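**Student:** Chain residues, written in single-letter form:
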Amino acid sequence: MASVPRRELPVESDDELTLVERARAGDREAAGQLLERHELSVWRVCRHLLPPGEDVEGAVQETFVRALDKLHRYSGKGSFGGWLATIAANYCRDRRRRGRLVPFRSLEGEEEDDANPLAVFPADGPDPERTAMGRQAMARVQRELARLPRRQQEAFVLRFFAGMELADISAALGVDVGSVKTHLHRAVRRLREQVLEAVP
Amino acid sequence: MRVEHLTDDELDSLLVGGEEDGQAAEHAATCLSCRRRVGELRRALRPDEELDPSLATRARVRQAALAAWAMPQRARRPVWWWAVAAGLVAALALPLLQSGRLDSPDVDAAEVLSQVDTLLAGDPVSAAFPAELVTALAAGQEVAATGDAS
Numbered sequence: 000m001a002s003v004p005r006r007e008l009p010v011e012s013d014d015e016l017t018l019v020e021r022a023r024a025g026d027r028e029a030a031g032q033l034l035e036r037h038e039l040s041v042w043r044v045c046r047h048l049l050p051p052g053e054d055v056e057g058a059v060q061e062t063f064v065r066a067l068d069k070l071h072r073y074s075g076k077g078s079f080g081g082w083l084a085t086i087a088a089n090y091c092r093d094r095r096r097r098g099r100l101v102p103f104r105s106l107e108g109e110e111e112d113d114a115n116p117l118a119v120f121p122a123d124g125p126d127p128e129r130t131a132m133g134r135q136a137m138a139r140v141q142r143e144l145a146r147l148p149r150r151q152q153e154a155f156v157l158r159f160f161a162g163m164e165l166a167d168i169s170a171a172l173g174v175d176v177g178s179v180k181t182h183l184h185r186a187v188r189r190l191r192e193q194v195l196e197a198v199p
Numbered sequence: 000m001r002v003e004h005l006t007d008d009e010l011d012s013l014l015v016g017g018e019e020d021g022q023a024a025e026h027a028a029t030c031l032s033c034r035r036r037v038g039e040l041r042r043a044l045r046p047d048e049e050l051d052p053s054l055a056t057r058a059r060v061r062q063a064a065l066a067a068w069a070m071p072q073r074a075r076r077p078v079w080w081w082a083v084a085a086g087l088v089a090a091l092a093l094p095l096l097q098s099g100r101l102d103s104p105d106v107d108a109a110e111v112l113s114q115v116d117t118l119l120a121g122d123p124v125s126a127a128f129p130a131e132l133v134t135a136l137a138a139g140q141e142v143a144a145t146g147d148a149s
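Just so you know, the protein sequences line up as chains A and B, in that order. Start counting the first sequence at 0; every next residue gets the next number (numbering that gives the first Met the number 0). Start counting the second sequence at 0; every next residue gets the next number (numbering that gives the first Met the number 0).
FYI, nobody ran anything at the bench for these hints, they're computed from the structure. Here the structure is a predicted model, which means the values were calculated and not measured. Among the clues, some could well be false.
Said to hold, decoys possible - Label pairs and their calculated CB-CB ranges: (1) Val88(B) x Val174(A): 37 to 45 Å; (2) Val174(A) x Ala85(B): 41 to 49 Å; (3) Arg150(A) x Ala92(B): 44 to 52 Å; (4) Ala58(B) x Asp68(A): 28 to 36 Å; (5) Arg146(A) x Leu87(B): 40 to 48 Å; (6) Arg92(A) x Thr6(B): 30 to 38 Å.
Backbone N, C-alpha and C define an ideal beta-carbon position, used for all residues, glycine too.
Excised from the complex, chain A in its bound form (with noise of 0.2 Å):
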């Protein structure tokens, strides 16, 4: 049983792949209704996977471009989605070789990100306690995302945020299941000594 979001809308796999044969053709309408259905995964694997400053929207629509033109390698094994994600990851790898940046953060920018993240658990909740520091748990998850090792922030963000099951980030990342395996336990024991800290 695994927590992760696995897909944005219900779709069946024969369908998927029907929309597949038909984009190749050129039908662009199925290859938007493709889009559609995973355009969120793609969104916040860019939104985490890109260094910081970079253009999160030109990366979406590159990976979709980049996507389309290369429909014809997608083989149907793996879901559809995360062969999207790996595009999206790969994108987001290769700005960040390619720019050679040291992830950095400012100060101001930490408490402007505390802000955002806080409005996901409702403050009508049963238990405003509690829900406070929910927020206060997933604004610190989000801040020491940014700082996990590579490897472990996109297995994390593949798994998590994108829905992949452990074979397609193996698949993704070029690694095993089981290095996929190491790298998010670390990843969420790290980030669950967050979590732990603000809900003891």
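Chain A is already provided as a structure; the job is to place chain B on it using the hints.
**Tutor:** Relative to the frame of chain A, chain B by itself:
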């Protein structure tokens, strides 16, 4: 049924997913304390929906990608690509243009060499330097010769 609470490693395994420890999963499903712990962690580790783009932004980016996909790849090249290409073409074409302009008439090499020999044999300094300089040098030599004699 197992009564001990989940260890940190078991908790991490539940969060990571994949192969599961059946006993740990069963305990997490029935123990209120562990279930709450797992739930809080899952909430904290999920994507931050507040940072997701609006539907309008998502649609705009999707449509832009579809429009770019519909274009031939050549037309999608960025401005910098065209600038670099133009620079390369100019760099390659310049030597060719220059060699075209230096289109010299046919010359008789033996004749030229003969003229050079004659010139250098007669007065090499006059051949190599302007007449004013040769005159000045000759005057200087005369002055020096007069001084030495006196």
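**Student:** Are the hints correct? Go through all of them and say.
**Tutor:** So, going through the hints one by one against the coordinates:
no.	hint	result
1	Val88(B) x Val174(A): 37 to 45 Å	44 Å, holds
2	Val174(A) x Ala85(B): 41 to 49 Å	43 Å, holds
3	Arg150(A) x Ala92(B): 44 to 52 Å	48 Å, holds
4	Ala58(B) x Asp68(A): 28 to 36 Å	21 Å, violated
5	Arg146(A) x Leu87(B): 40 to 48 Å	42 Å, holds
6	Arg92(A) x Thr6(B): 30 to 38 Å	34 Å, holds
Checked against the numbered hints above, the structure breaks only hint 4 and satisfies the rest.
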